[in-house]
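S.K.: Single-letter residue listing:
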Amino acid sequence: MPALAARRDTRIFEWAQTRDLLRELIARDIKLRYRGSMLGILWTLLNPLAELLVLYFVFGTVLQVTIPNFPAYLFTGLLVYGWFQTSVNFATGAVVANRELVRRPGVPVLILPIVTVASNLVHFVLSLPILIGLLLISHVPLTSAALLLPGLIAIEFVLILGFAYPVAVVNVWFRDTQHVLRIALQLLFYMTPIFYKTSTVPQNLQWWYRINPLTHLVDAYRAVLMRGELPEAGGLTYLIVVSIALCLIGLAWYRRASYRFADEV
Amino acid sequence: MDPIVTVSNVGKSYRRYHPDRPGTIQEAVAKGLRRMRHLERFWGLRDISFTVPAGRTVGIVGANGSGKSTLLRLIGGVGRPDTGHIDVHGRIGALLDLSAGFHPELTGRENAILAGILNGLTRKQVLERMDEIVAFAEVEDALDNPIRTFSSGMQMRLGFAVAVHTQPDILLIDEALSVGDISFQKKCLDRMQQIKASGCAILLVSHESSTVEDFCDDAIWLNAGRLIAQGSATDIVRQYQAGMAGASGH
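Same order as they appear, the protein sequences are chains R and D. Here the first sequence is numbered in this note's numbering, starting from 1 and rising by one per residue. Here the second sequence is numbered in this note's numbering, starting from 1 and rising by one per residue.
One chain only, chain D, in its complex shape:
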């Protein structure tokens, strides 16, 4: 069977601009357009290749700025790699921002409906699952209040609930679990086990090595945009921890 996600030789570069780059038309007229051009490119990701088969869970570990979130965004179809390509077969459920892409002025319900549609459902399908989503997120009382009145934990719970109730073929989760309390974390992990068992591929970024070690089958280790190692979660987490301890020992 074809893997759900195939990442081949993916590179993503960012542009570094002049500090005096004009940000308004007014400045551009005054300073000229010369400084609009980027000074250099730097690679946020370089030569990344791996696959995620159905029903497998892959953890991504690495220091801050190593490209973990960029990688998840690209797999989610936000932006496009500068080299290589990414193939994704199936519906994506994602929780990449703690705010889940919610708009602060809209209510929890309005945001949840839009998020469900953005996860690939029709409005009707989202409404059918609404009770389940709300019960899972434990936000019944606040549902019709603006999201800005939600605590960050509540926002995360609602975002997570939508993402896991849309029958995704692939689930992308970035750091979200660290916001919830222990009991909710457990609930999330249980739910992820469930959808994993039904064949969903899961990609998980977490700073807590124990989460990756306990929950993931495989892991990849990113450092400065490069893939350092990939393999079983236990091995990679051990290597990563050893590497980090070595780095901080100097």
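Pulled out of the complex, with its shape left as it was, chain R reads as follows:
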């Protein structure tokens, strides 16, 4: 019996230790990003708001898109895509910008991209009250479907990791990955239904929206937050399968490459 108890204590200790490590690394990531900027984390919150104003002006006022509750519709898309975009962008530095950690004993390098995605999750969660406020102003009632939000956040986390792992590896070899990525992410922004509806896309392009996991992701968020209903089952299943598959493939590749990180950064 004492042996069993001791093993349990070791487990609890290891869990607490990993939790503290993750917390400390996330805090470090956020601190380093805002050190020396007065507005600090406010910048990150202002960014999607500014984007919202610009896109609302172009599509809501000038082009007069007829999507009901367009500001809330737009902002949901912007936040969901924003977390994805900034995380994948920052993932380029997950290894090369953490040289001192990669070369230090005691750092489980598999954790580094997780830290990047998690520190951006903090920003995402801090922006959520603004979104909820926007929904309330637009008289969109929050229903119990919104309780699924943590689940969707978990799925998005896994999906982003599926991109973050390979991006971190590629940038070890090619240090201009971020520039190429920026173009790709911008393109993806326009090819994801953020300020328009998939149903208005021409028939011959619909296939893309069916395979793009972000379509299903954005739609699932809108379902639980704006329509007060469960996400569409087929799309959600596809999203979960793709997210887990990408994450596992990315992780396997990253793990293989990680044996040489200390030699190459």
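Keep in mind that the hints are not guaranteed to be accurate.
Below, a sample of chain D positions facing chain R; criterion: calculated Cβ distance under 8 angstroms [to be verified]:
1) Gln26
2) Gly77
3) Val78
4) Arg80
5) Asp97
6) Leu98
7) Phe102
8) His103
9) Leu118
10) Asn119
11) Arg123
Because the hints were derived from the structure by calculation, they are not lab data. Note that CB positions come from ideal geometry on N, CA and C, so glycine has one too.
Chain R is already provided as a structure; the job is to place chain D on it using the hints.
M.R.: Frame of chain R; chain D shown alone:
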């Protein structure tokens, strides 16, 4: 009792690349991916085997580039050997870089907390030991300033203090002692004697043969990635010095 560290037949190879190897996607597109492949492998370490029992101190001597630091990194779990394997039982305390893996923009305190957690403690445990760590490192006044304002001696002292206050089962120290002044060196050696007495295994890389001779029980001599000799510290240091004198005599 099982040794704390077992290194068996460990080899680590590095890749040598073409000088024109593309380093950006832009270059790769322009020059093609052909030159991404490595030209050859060379062995940074080859067929290294030894063990370190609890409470023993092993010094590693050898010329620059002989693989000493690579060996300590591998034992610390950074990267992985290409052949053989390394078993480590217990918590590792390490000071492999003079900068201790600190981030220049974070404060001494922030860096020390992270370093303590990376040495295997919880945040709470690190905070409980913080006063002791800071007193040992003698950096009380500077603790909340960014590390970039620390002198290299101060950084080393803080890094060392964290490493020896986390109750490691094995301590890896690379060249760190040479940065501190004499009185701090003595303090470090005293502290290492203490944790050694409590059963900690210590692996020490040093260019100062006297440190290895005085402080270590055993020593191993590396040259060009190979283990030339292992045995008692006194013997190995003597052999090493004789070997070096012979080499420079030509």
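S.K.: Hints numbered earlier in the text: which of these fail when held up against the supplied structure?
M.R.: 6
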